[in-house]
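Novice: Per my numbering: the first sequence = residues 148 to 690.
Bear in mind the hints are in silico, worked out from the structure with no lab data behind them.
Don't be surprised by glycine CBs; every beta carbon is placed ideally from N, CA and C.
Any given hint could be a false lead.
What the hints assert, rightly or not - Per label pair, the in silico range of CB-to-CB distance:
#	residue 1	residue 2	range
1	D568	D462	27 to 33 Å
2	G599	D462	37 to 43 Å
3	G250	D462	46 to 52 Å
4	S247	N547	58 to 64 Å
5	L209	S553	48 to 54 Å
6	L185	K540	38 to 44 Å
7	G597	S496	36 to 42 Å
8	E446	E593	30 to 36 Å
9	K351	Q514	54 to 60 Å
10	N323	R385	32 to 38 Å
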Amino acid sequence: MIFHVEKLAKHIHNLVGPTISSRALYSCLSAPLESKTLSDLDIVIAKIPVGISEDEVVRSLLNDQACNSIELSSELVDKLLHRFKDDWKSALGVFRWAESRSGYRHTQEAYDMLVDILGKMKQMGKMKAVLEEMGQCQLVGLGTVAKVMRRFAGAGQWEEAVTTFDELGTLGLDKNTESMNLLLDTLCKENKVEQAREVFLELKPHISPNAHTFNIFIHGWCKMNRVDEAHWTIQEMRGNGCLPCVISYSTIIQFYYWQSKFSKAYELLDEMQAQGCPPNIVTFTTIMCSLTKSEEFEEALHIVDRMRSIGCKPDTLFYNALIHTLGRAGRVEKAVRVFEVEMPNTGVSPNTSTCNSMIAMFCHHGQEQKALNIIRYMEKSGLCKPDVHPLLKVCFKTGNTDCFLSKLLDDMVNKHHLFLDISTYALLIHGLCRANKCERAYSLFEEMIGQGISPRYQTCRLLLDEVKQKNMYDAAERIEDKENWHFSVVSSKAYQQSRQGHRTSAITGSNPNKSFGGIGNIHVRKVLMLCRLHTKTVNCGTY
DNA sequence: TTAGGGTTAG
Numbered sequence: 148m149i150f151h152v153e154k155l156a157k158h159i160h161n162l163v164g165p166t167i168s169s170r171a172l173y174s175c176l177s178a179p180l181e182s183k184t185l186s187d188l189d190i191v192i193a194k195i196p197v198g199i200s201e202d203e204v205v206r207s208l209l210n211d212q213a214c215n216s217i218e219l220s221s222e223l224v225d226k227l228l229h230r231f232k233d234d235w236k237s238a239l240g241v242f243r244w245a246e247s248r249s250g251y252r253h254t255q256e257a258y259d260m261l262v263d264i265l266g267k268m269k270q271m272g273k274m275k276a277v278l279e280e281m282g283q284c285q286l287v288g289l290g291t292v293a294k295v296m297r298r299f300a301g302a303g304q305w306e307e308a309v310t311t312f313d314e315l316g317t318l319g320l321d322k323n324t325e326s327m328n329l330l331l332d333t334l335c336k337e338n339k340v341e342q343a344r345e346v347f348l349e350l351k352p353h354i355s356p357n358a359h360t361f362n363i364f365i366h367g368w369c370k371m372n373r374v375d376e377a378h379w380t381i382q383e384m385r386g387n388g389c390l391p392c393v394i395s396y397s398t399i400i401q402f403y404y405w406q407s408k409f410s411k412a413y414e415l416l417d418e419m420q421a422q423g424c425p426p427n428i429v430t431f432t433t434i435m436c437s438l439t440k441s442e443e444f445e446e447a448l449h450i451v452d453r454m455r456s457i458g459c460k461p462d463t464l465f466y467n468a469l470i471h472t473l474g475r476a477g478r479v480e481k482a483v484r485v486f487e488v489e490m491p492n493t494g495v496s497p498n499t500s501t502c503n504s505m506i507a508m509f510c511h512h513g514q515e516q517k518a519l520n521i522i523r524y525m526e527k528s529g530l531c532k533p534d535v536h537p538l539l540k541v542c543f544k545t546g547n548t549d550c551f552l553s554k555l556l557d558d559m560v561n562k563h564h565l566f567l568d569i570s571t572y573a574l575l576i577h578g579l580c581r582a583n584k585c586e587r588a589y590s591l592f593e594e595m596i597g598q599g600i601s602p603r604y605q606t607c608r609l610l611l612d613e614v615k616q617k618n619m620y621d622a623a624e625r626i627e628d629k630e631n632w633h634f635s636v637v638s639s640k641a642y643q644q645s646r647q648g649h650r651t652s653a654i655t656g657s658n659p660n661k662s663f664g665g666i667g668n669i670h671v672r673k674v675l676m677l678c679r680l681h682t683k684t685v686n687c688g689t690y
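Let's have the full structure, built from the sequences with the hints guiding it.
Specialist: And the structure:
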């Protein structure tokens, strides 16, 4: 059944290309099979072609009989905004169309969502205009302001974040400790701690700080590698009549572990206890994670004794970290005991991550049957998303690429209802190529394209080499097409953004490890190489 | 968004 739905959507796509109708049809055809009729959501989405302006979206919806007969609800508007969370023109168009319908009024949640979408897409002027509109309707909440300030700061416009705070009165909100903390936290999270400090000194005579205010600074200074200022902030806290709390100390301790300054961390751990502010479960979990990261497994396990000695109660996240540590330390039996005996005894329930840690540990130690048992346990206990990547890797490592792998994939899709995502397809295609099963690898390649997932550049390259060796000429041609498309889309996007001076955002905003929106994971170096390539071509006068 | 991630070289 799923197969037919995909085939039909693919066929339509091939016939008419990636236009509105095929996009909408694909999304509704690949929706859960029980809903076979077009929902209101699908009807509206089908009327919004890719890449048109917000006014065109409004016109397209207004001119459509089916759209105009839909009974609007805030749930439908929320779903539409969510659907267009990465497409501000469609989101804004839908929003304007909805409010033009008689009797319909937007909720604060819908406004907040729109503000966030505009901010995320760097439409700062439009975001501000919507904020003002909200102010006139008395719809601005602290959450709205938080989003606006964070989006300004995230776009490198921290002064605008401060202006937003200054104008809180006109938006119907108070400038108080809570809203000030929001502003200071926004600035500190964007590494503008010194600027936050200046703002704070200006506001302090009018708004009294609380412990939260100082904790924001402690975190900010630590993030900037300025632990002396963090310590000094603890003193300042006391001077202002606020007592340093477990968060104040734990933040600095975490920083010391991060820097591998273990003795300093232990000193502070003793100090906080002496000050009548004992470490809690978050403090211990953080310490254990840091020590495990530095491969100090014995030291990490000592922390558990220390935690127990002061009667601190474990929770799920603590056990997740402990199981991970034990697995890394090679103590599989002990980890199994924690999972099977200790957790039930202490009444702490495992979550999806706990089980996934167990799966990864068993696979790492060649115990795939036990990993499968965990998957079965997850099925029974209703935990979703078992991580099958470790098991897939075991299949390739042991050369078990026939029955076991097929059964696993079948279970993944049909029993656990997991989608094969880009990383799973990459893993499978690479693994099958290495196992000399390139026909199967190629059929997966076709399948992923059919699903609308674009293969990574490396996947194309590897598969292309393999199919050429096997003289699969049609396949080679199709892969080359995809590869060329890849090259043109990635290079033109990277080129445009590099010309605008956003080299890092050419990859993805601030985190260079995240995937390139909609195109899949492209290696960072590849994109930078393409940027350079194009810059070079410009200099030569070819462009 | 005042602290806690989990396993991965495709």
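Novice: Each hint: holds or not?
Specialist: Hints versus structure:
no.: 1; hint: D568 with D462: 27 to 33 Å; in the structure: holds (30 Å)
no.: 2; hint: G599 with D462: 37 to 43 Å; in the structure: holds (40 Å)
no.: 3; hint: G250 with D462: 46 to 52 Å; in the structure: holds (48 Å)
no.: 4; hint: S247 with N547: 58 to 64 Å; in the structure: holds (59 Å)
no.: 5; hint: L209 with S553: 48 to 54 Å; in the structure: holds (51 Å)
no.: 6; hint: L185 with K540: 38 to 44 Å; in the structure: holds (41 Å)
no.: 7; hint: G597 with S496: 36 to 42 Å; in the structure: holds (39 Å)
no.: 8; hint: E446 with E593: 30 to 36 Å; in the structure: violated (50 Å)
no.: 9; hint: K351 with Q514: 54 to 60 Å; in the structure: holds (59 Å)
no.: 10; hint: N323 with R385: 32 to 38 Å; in the structure: violated (23 Å)
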